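Undergrad: Chain residues, written in single-letter form:
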Amino acid sequence: MKALEIKNLVKKIDNIKILNNISFSVNKGEILTIIGPSGSGKSTLLRCINQLEKIDGGTIKINSDVLVDTNNNGDVMYAEKNLRTQIGLKVGLVFQHFNLFPHFSVLRNITESQVKVLRRSRDEANNIAIQLLEKMDLKSKIDAYPCELSGGQKQRVAIARALAMDPEILFFDEPTSALDPKLKGDFINIIKELSDGKMTIVIVTHEMNIAKSISDRVIFMEEGMIIEEGTPEEVFEKLKNERTKFIF
Amino acid sequence: MNFKVFIPAMLSASLKTLSLFSLTLLFSLPLGLILCFARMSKKKVLNLPAKIYILLMRGTPLMLQLMFIFYGLNPIFGVQPPRFASAVIAFALNYAAYFAEIYRSGIISIPTGQYDAGKVLGFSKRKTFTIIILPQVIKRVLPTMSNEFMTLIKDTSLAQTIVIVEIMRTTEKYANVYVSAIPFGVAAIFYLVMNAGIGKAFSFTEKKLSYYK
Ligand SMILES: Nc1ncnc2c1ncn2[C@@H]1O[C@H](COP(=O)(O)OP(=O)(O)OP(=O)(O)O)[C@@H](O)[C@H]1O
Ligand SMILES: [Mg+2]
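Each protein sequence line maps, in turn, to chains A and B. When we follow my numbering, the leftmost residue of the first sequence carries the number 1, and every step to the right adds one. When we follow my numbering, the leftmost residue of the second sequence carries the number 1001, and every step to the right adds one.
The hints are simulated quantities; they were obtained by calculation from the structure and are not laboratory data. Every value quoted in this text rests on a predicted model; they were computed, and no experiment measured them. Beta carbons: idealized from backbone N, C-alpha and C, even for Gly.
Listed next, the stretches of chain B that the computed footprint assigns to chain A, with coverage defined by at least 3 CB atoms under 8 Å from CB atoms of chain A:
#	region
1	1104–1117
2	1120–1131
3	1134–1141
Here are the simulated PhoX-like pairs of lysine-lysine, each with C-alpha atoms no more than 20 Å apart in a straight line:
#	chain 1	residue 1	chain 2	residue 2
4	A	K61	B	K1119
5	B	K1119	A	K81
6	B	K1207	B	K1139
7	A	K116	B	K1127
8	B	K1127	A	K81
9	B	K1125	A	K81
10	B	K1119	A	K90
11	B	K1125	A	K116
12	A	K198	A	K135
13	A	K54	B	K1042
14	B	K1119	A	K116
Sequences and hints are given; from them, build the entire structure.
TA: What follows is the structure, encoded as structure tokens:
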């Protein structure tokens, strides 16, 4: 079963193709990492899938729901608004800079969308948040504000906030860029735990080690195109041979 | 100098000043937000009129606007509008333009990541604005707003030009009657007390909202 299917995705900014004919799919329960040099379009790809950007061509299917399709005339057709919102709720995104809500406590960061979007009761939302915070080892920070948290703690709140919405696929943009080695280890453990729970995960990263240690499959992007795709071993072997100039 | 006459007159004048101040805020604060939305709209039919309006209001003297509304509208509609209502209308229309720009500066200072986070979590545009953006905007514009509120207290003295008996008009009258400078000093104290109160209220609110950065 495919959790995500992308065909011939094109994204232009100022008429330049930032993403050029991207096609790939992610199976349910799989961990996919996307690597590639700065400016290759990794973040833009995540933003397109999460509906933060509109695409200029191609197809995005999430869980067999068509978010956007393009016909033979090149007309890009998005699903109607309700379905778009539905599809949006099936994907979660943990931003590179977390984008926590600074005016809300940790608890409220995790509950607000449950209450206002999913219409859960405050009690139910609180219970879910508390469980997630326990899982993230953050129970003691429940009443703290984001400005009082370290980078690693902010990240775990951001993960909990995304998980509280019960997404089927969770996307991470550069999750380890601001973490020290110990926190990187913690992050890998969280991902493994989520993956054991059958979560489908897509991670954009610069770090080979992360890609190697957790992913089922790796995609290498350059200049808006997918250059290599395969198991971590396959992709890194090819990169070593063909792209010695490329330094992570 | 007869303080028994002068002070009660000043107190009742202060009431006029304060009611002009409050009514102006009551109308101009929401009006400014609407104007701000129009100004920030991508649609030219909305943002162009808003831009022109803001330019007119900020680019011409409030006293001129006040006189235009009170005296200038008379020949058009054939009736003299009530003095106090004219002042409230003129002040509210004028301050709304400033508030619109203050709101706008607050809104554009919020990182786009906040909108992205709202969108990804499924908040509608409206909910993203009211739940996530607006509270942060309010915190950010408080210092500028406190300036503006204090300026408004002082600007109310312009209302004397259409014969509203507020603090300055009362002060001048008694300064003439008693041929004394004391009323000016008293007036200064009245304005200072009001603005000190405003300053206090704002620093209290700022402190209340200082639990986050
Ligand atoms: N809003 C924008 N306006 C213009 N160009 C943009 C915009 N957003 C992204 N780009 C361009 O799109 C390209 C891809 O950007 P993107 O952020 O997706 O790269 P990335 O692979 O995530 O890079 P990094 O590893 O540095 O995060 C870059 O060349 C960037 O300059
Ligand atoms: Mg990026």
